[in-house]
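Could you build all of it, start to finish, from the sequences and the hints given here?
Residue-level listing of the chains:
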Amino acid sequence: MTTAAAPAGERAAKARPATMAQALGRALRDSMAQDPTVHVLGEDVGTLGGVFRITDGLAKEFGEDRCTDTPLAEAGILGTAVGMAMYGLRPVVEMQFDAFAYPAFEQLISHVAKMRNRTAGAMPLPITVRVPYGGGIGGVEHHSDSSEAYYMATPGLHVVMPATVEDAYGLLRASIASDDPVVFLEPKRLYWSKADWSPEAPVAVEPIGRAVVRRPGRSATLITYGPSLPVCMEAAEAAVEEGWDLEVVDLRSLVPFDDETVAASVRRTGRAVVVHESSGFGGPGGEIAARVTERCFHHLEAPVLRVAGFDIPYPPPMQERHHLPGVDRVLDAVARLQWEAES
Amino acid sequence: MTVQELPGAAAYRPTPPPAWKPLTDPAPLLPDPEPYRVLGTDAVADADPELLLRLYAELVRGRRYNAQATALTKQGRLAVYPSSTGQEACEIAAALVLEERDWLFPSYRDTLAAVARGLDPVEALTLLRGDRHTGYDPREHRIAPLCTPLATQLPHAVGLAHAARLKGDDVVALAMVGDGGTSEGDFHEALNFAAVWQAPVVFLVQNNGFAISVPLAKQTAAPSLAHKAVGYGMPGRLVDGNDAAAVHQVLGEAVERARSGGGPTLVEAVTYRMDAHTNADDATRYRVDSEVEAWRAHDPIQLLERELTGRGLLGDDGIEEARAAAERMAAALRERMNADPVLDPMDLFAHVYAEQTTQLREQAARLRVELEAEQDQHGHDDVEEGR
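Taken in sequence, the protein lines are chains X and L. The working numbering applies: residue 1 is where the first sequence begins, and numbers increase by one. The working numbering applies: residue 1 is where the second sequence begins, and numbers increase by one.
It is worth saying that the hints were derived from the structure and are not from the lab. Think of the CB as a built atom: it goes at the ideal place given N, C-alpha and C, for glycine as much as any other residue. Do not take every clue at face value.
No farther apart than 20 Å at their CA atoms in a straight line, the calculated lysine to aspartate or glutamate pairs in the DMTMM-like style are these [as the list claims (entries may be wrong)]: (1) K194/X / D56/X; (2) K167/L / D35/X; (3) K60/X / D35/X; (4) K167/L / E61/X; (5) K167/L / E64/X; (6) K218/L / E184/L; (7) K167/L / E100/L; (8) K167/L / D69/X; (9) K167/L / D65/X; (10) K74/L / D275/L; (11) K60/X / D44/X; (12) K74/L / D131/L; (13) K60/X / E43/X; (14) K218/L / E291/L; (15) K74/L / E335/L.
Stretches of chain L that chain X covers, calculated by requiring three or more beta carbons in the stretch to come under 8 Å of a beta carbon on chain X [as the list claims (entries may be wrong)]: (16) 62-70; (17) 74-85; (18) 161-168; (19) 265-277.
Calculated from the model, a selection of chain L residues having no Cβ within reach of chain X, i.e. all distances over 10 Å [stated by the list, open to error]: (20) T15; (21) E34; (22) D42; (23) R139; (24) V158; (25) D186; (26) P223; (27) G252; (28) D289; (29) G310; (30) D340; (31) G379.
Now the structure itself:
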C-alpha cells in the first residue's frame, strides 16, 4: 500500500525500522545542530564516517572543524579533547574499538576523570568517549573486549551502555549534554539491531543513571545491560515453559548505579542472576551481587548468581560462542536458583 | 654465497616505486648547533633594558622562593618540593612572554613560572602542601593545574590552542616539559597533533641534564632534543636556558609565530638543576661536584647581573632592592604557610560529579557520622582534661 499522498510532516514522523547505528548517528547530528560547542573527533570519523558509519555525514554537514579526522593516536585524541573542553568546547571522541582505547587510559584516569575534583569544581570536563565494545561480531584479537570494569572502577567517570535503539539515541544525547565525562559503551553486535523508531518524533532523553524493567516477572530477576539484554529477554521467554516468570532489569548505566530499581525488583522476586559478557572475576557482576545482597538479604531465597564471560583473554572469533553467555547458560543459572542449603 | 651468485638473480629487475619524495626541506626546521645566547654577545644591544631589569628582579625573587619552599619541607609544611634553582631563567621567561589571554601548561617543577605569571605564591603550593590538588581556578589565571604525570599536559595545550583558534581567538598555549618527559608517548602525540593541526602552541623543554638520576645520554640518542622537531614538521630552537634574555627572545619569537598562524615550535632550553630532583632525593649518588660547580659559574642570575652592572643599568642599590623585595616575599610566604589550612572533609564528596550519586550521598552521610562522633569524643576529652 502506498502512502505517497500523505503530507510530508506526517510521513516524517512515522515510525519505521531504524538501527542502533542510525540512532547513534542521529543523536550526534542533533547534538551538534543544537549546540555549536559539540565537536566530534577521532580516527576515520570524517570522510569515511567511521568504520561503523556512526559519524557518517557529520563532516559534510558541519565541516571538518566540527567533525575531525585526527592522527592515529588515542592518547592524543583524548588528550587534545581535554584541552578543547578546558576552552569551553564539548568534545565527543570515538575510540575505534574497545581495545584500541587502552593507550588513552592515562588521559582518561589521570585527567578526564579527575579534573573536576582536582580543581574543586572550577574545571569540569564535558567529554563523551564513545567506545564500540564487546564481542559477537567475529572480530579478531583486540576487537571484542568488554572493558566496563576498568572504567567503573574509576571515580569521576560515568559509564553508560545502551541496549535498545531508543536508548542509543536518548542516552547519547544525555551523555553529550552532561557536564561530566561519560564513557559511552556501544554494544557493537547490536549496531544493526532494529526497532520501529522515528528519529523525527520527540524521543525521551533519559537522565543517566536510571535502570528500567524491560520485562516484568515474579519468580526471579535477571540484571543485565548492553549486549546481554537481548540474551536475557530471549531467556525469559524460554523460561516460561519451565514455569519461570522472569523479570529483566536493564541497568543502562553502571555509574551511576540504580540501586533502587534493582533492589525493588529483587525484593519482589527474591532471586537474582547478573548477566554480562565481560569476565566474571573482578567484573561488574561481583559488585552488583554484593550490592543486591547488602540490600535484599532477607528477601533472598537463593544466592545472587552470576553468568559472565569466562576469566580468559577474549577468545579468537571461531571460539567466541563458547565464551559469550548465551540463553542456555542463563537458563541453567535460573534453574540453580531453586537453591537448597547444603548440610 | 653473495647475492650476485644466486640463481636467477641476474634476471630480476626491481620495478621502480611510484614517484614520492618528502615534501619539506628540513633545513629551516633544524636548530642551530650552538644554543642561542644574548648576554655577553652583540645581540644584547637590541635587548630592552626595562625587560632585562624586570627579568633580573623576577630571577632573584624566584631563587628566594625556591629556597623558602625547600626550607618549608624541612619544617614539615610542605610534603615535597621540586626546586627549580638554576632554571629560573626558563621559568621566568615562560611566564613573562605570554599575554594575559594566553595559557600556561606547567609541569610539576614549574611552580615558579605560575607565580611569575601572577598566581598567589600560597595557592601555587597547595598541591605540594597536600591540602588541595589545585589551589587555584585554572581559568582565572589561565594556568592549567601543575601536572604530575609526565608530558600528559602537552596534548591538553594542543587541544586548548586548537579550540581557541577554531573560536577565532588569537590565544597561544605554552607547554613546559622536562628532558625526561620527551621520552613519553604523550610528548610525541602532542607534537604530532600540533604540527598536523598547525595549532598555536609553543613547547618548552627544560633540559636540566637529569630525569631524577638518569642523565640525558641515557634518555635519548637524538643530536639534541630540539632536533626532534624536524620529524614533526615544526622548527626546533636551541637556547641557553640560563640566559634569561635569550630564552625570552626565542620564546617570544615562537609565541609570535604561533599567534600569527605560523604553527607550533619546539624550544629546547639547555640548563641545569642545581638542587636534587626534590628535597627527598640525594643527587650525590648520580653526579659529581665538579659538574655542579661548572654550572655554578654559568648561573642565570650572575649572568644577568654582570650584564646589567657592566652596562651601568644596575648598581648596588638596585641589587639590594631586588634582594629586599625577594626577602619580603619569602617572609610573607613563610608566615602564611605556617598557618594550618582549614579543611572541610565533606569537600571530599563535593566535586566528584556535577550531581552526587546516591552512593556518594550515602558515603558522605557515613563520614558525617564519623566526624560527629570524633567531635563528641574530643569534646569529652577536653572536659576530662579540664577537671
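Would you list, in rising numerical order, the hints stated earlier that this structure does not obey? Violated: hints 16, 17, 19, 23, 24, 25.
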